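Chains L, A and P are the protein sequences, given in the same order. Quick note: the first sequence uses the numbering used here, first residue 1, plus one each step. Quick note: the second sequence uses the numbering used here, first residue 1001, plus one each step. Quick note: the third sequence uses the numbering used here, first residue 2001, plus one each step.
Treat the hints as calculated values from the structure; they're not laboratory data. Only a predicted model underlies this, so the values are computations on that prediction, with no experimental measurement involved. Don't take every hint at face value.
Said to hold, decoys possible - Here are the computed lysine-lysine pairs in the DSS-like style, where the Cα-Cα straight-line distance is at most 27 Å:
hint	chain 1	residue 1	chain 2	residue 2
1	P	K2238	L	K18
2	P	K2315	P	K2238
3	P	K2322	L	K11
To be verified - A few chain P residues facing chain A, derived, Cβ under 8 Å:
hint	residue
4	Q2275
5	M2428
6	P2431
7	S2436
8	E2486
9	P2500
10	F2530
11	E2532
Backbone N, C-alpha and C define an ideal beta-carbon position, used for all residues, glycine too.
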Amino acid sequence: MEQLSEEEQQKILESPPKGTLAVILVYAAIFIVTWLFMYFGRFLAHGPVN
Amino acid sequence: MIHIDPLEKTWVYIVGLLIVVMLGSILYTAFANSVHPPSNVETIDSASLHLSKEFAEDNLGVKTRADGSVTVTMVAARYGFYPQHIEVPANTPIRFRIASLDVVHGLHIPETNLATMVIPGFVSEVNTTIPKPGEYPLFCNEYCGLGHHYMWSRVTVTPNTTTN
Amino acid sequence: MNNDAKPVGLALTHMWVAFAVFLLAAVLGLYQVLERAELIPALTWDEGYYLSVTAHGVIMAFVFTTFFIVGFGYYTAATSLERPVWNPSLAWAGFWTMMLGVLLAVYALFTGQATVLYTFYPPMTAHWTFYVGAALLIVGSIAWIAIMIAMTWQWKKDNPGQPLPLPMFGTTINAILWLWTLTGVAVEVVFQLIPLSLGWVDTVDVGLARSLFAWTLHPIVYFWLIPAYLAFYMFVPKAAGGRLFSDEMARVAFIMLLIFGLPIGFHHLYMDPFQAAGWKLLHGFGTFMVAIPTLITGFTVIASLEIAGRLRGGKGLFGWLKALPWNNPMVLAAVLALLLLTAGGFGGMINASYAMNAMVHNTAWVPGHFHLIFGGTTVIMYFAIAYYLWPSLTGKTLYSERMARTQLWLWFIGILVLTVPWHVVGLMGQPRRIASIPYDTPLVQAWDPYEYGMVLGGVIMTIAAVLFVWNLFMTHRRGTETGEREVEYAQAVHPVLKLPGPLNGFALWNWILAVYMIVDFGAPLLQFFFIETFDATSWGW
């Protein structure tokens, strides 16, 4: 591991967390698709209810 | 105000969108298709259930109405659901009414939306249809005593020959 | 801060009670999963099973958690504010009150006089010592609440205009949340269950009791979760070699957990017949809102990890993940906890989805869900907090960092092996809270392989539980003396020098919460005093 200069360190601290957004957007996509499947594909397929 | 990173702000908007989609689906089906959890608030005296007109023993079971829909009247009591075997047609509106003779019970027919709690002092009512014919168990799913795991009954769902 | 002023005795005593009962309850859990799988006929014992479920639930949900959170709170308050605990005598009085409560409840439980499960729904009625024990446990914890609020108030008075350090901001939010939360069950226990169990009244309003319990039942999970989130924010970025991505967003998350975590208990009553659909829908709306602070926390914590990974040389969109110091128990625990949170959080949203609750209510999906989110995410972070603080608490190095890593991985794998099958059989319709599977219907044969899988999960978790306690115990006996007692808190990327009042205080949020609680609980609770209800008599089991 090479040592980072002060400047490089500051750059990392200030830069937007693109990796985080990428990971969390994948999660959000899986989340909403699975929820819609559970709600419309499983739950409502079992019949109307109130 | 406060400093919020633009990407984190983007994420908050996306979260908002997810919630709008989910709540939107729920609200739409609630108001357009009347999809609700069973919420008919109706009191009854569980201690004298057997003396009531509706839950007297000879009134329990399945009745077919003029329009083809059915009403099911049952009682939950340790450790069974009575009558212990009922028969209903598939794809037919069922009005399911049940009361407890003793403690809190829960009931659920797997693979269907026939599910409710049964609380002493209240009548539970569920309106639903069961899409697929077959032999189903009706399980008690709330701890009601040491025999809870023995508490279940049977439901036969017959093919509906009149409508599709 | 002077080492003598650190509340080591208070913290260690509370935490050792927590971990000792945790180990006992873990063994009970193993017994339960074995008994239900019916692999060893000699273990079959209905009374024993339901007694175990009650004890396991009461200990894990009420005793283990409260003692850990209170002890952790005292240590965090003192070390983050750099002042001694206010009124230590009150703190010890609180401890002994809680202990007395636990002893009473344990007496009732293990003599078979309180086999009513950790939810103790009336009209099933336990021996009065069980309810008095519960009341004392709750009352004892109020000492902690008072001390947290007092210390915050004093610090703010001594440091006007200064931002309250984030660790204490979150801890005080949790103390306030707990005070609001415990009120529901306290009213139920004191005004309904104790009189009923003593025979002072003959009947109980079951709908009112369940509604009061539901008041507590949801926000209590945030009482448990907030310490885990505190570790995410104040320890993890430092342990990973980075900085906290946003101090302000952390405060926003804690505030949202307080406001939206409380007035939403009716999502536990979706299937109940004594509350109308409108109230259930209102609580459901709030339940979706409370997902937001968790999703914000996920972003902030992962972004903090990204900074740490990039500072360690990670490049590209995902290189920072690999570059993280995975051999650091706090970092490892955080990643494992976040992974479990993705699944556990999703399951929670399914439960929250109003009418869809019918598909999962009281099925095996429910204990699968809360073992995943609580036994998984939350408890893994409790382990991590213990490993992180033990050197400061004992003045010694942790007995074995390698054992800590192994233990965390074992627990993570065990939780998945236990809870994934549990969710699946729940979707197949298996009821919860069953001592065995005697149903004579072909449907249930499909459940068997999942039951056996769960036994394996239970075994792995029990081993992990033993390793955890062993490591802490051996640190006392054989750890190397260092005299190092500092607790290392993370620094923010943008240190807050000044904050708007609402992010640095609690009055506004308490007012908003009061209004929200009146709206969400006022009429639904008052209705029981106006409609004619037929109260139920006591029943045994």
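Hint by hint, here is what the structure shows:
1. K2238(P) / K18(L): With a Cα-Cα distance of about 21 Å, the restraint between K2238(P) and K18(L) holds, given a limit of 27 Å.
2. K2315(P) / K2238(P): Judged against 27 Å, a Cα distance of about 20 Å means the pair holds.
3. K2322(P) / K11(L): Holds, because 20 Å separates the two Cα atoms, which is no more than 27 Å.
4. Q2275: Cβ of Q2275(P) sits 7 Å from chain A, so the hint holds.
5. M2428: Holds - the Cβ of M2428(P) comes within 8 Å of chain A, reaching about 6 Å at its closest.
6. P2431: Holds - the Cβ of P2431(P) comes within 8 Å of chain A, reaching about 4 Å at its closest.
7. S2436: 6 Å, holds
8. E2486: With a minimum Cβ separation of about 29 Å from chain A (threshold 8 Å), the hint on E2486(P) is violated.
9. P2500: Hint on P2500(P): holds, closest Cβ of chain A at ~7 Å, below 8 Å.
10. F2530: 12 Å, violated
11. E2532: Holds, about 6 Å.
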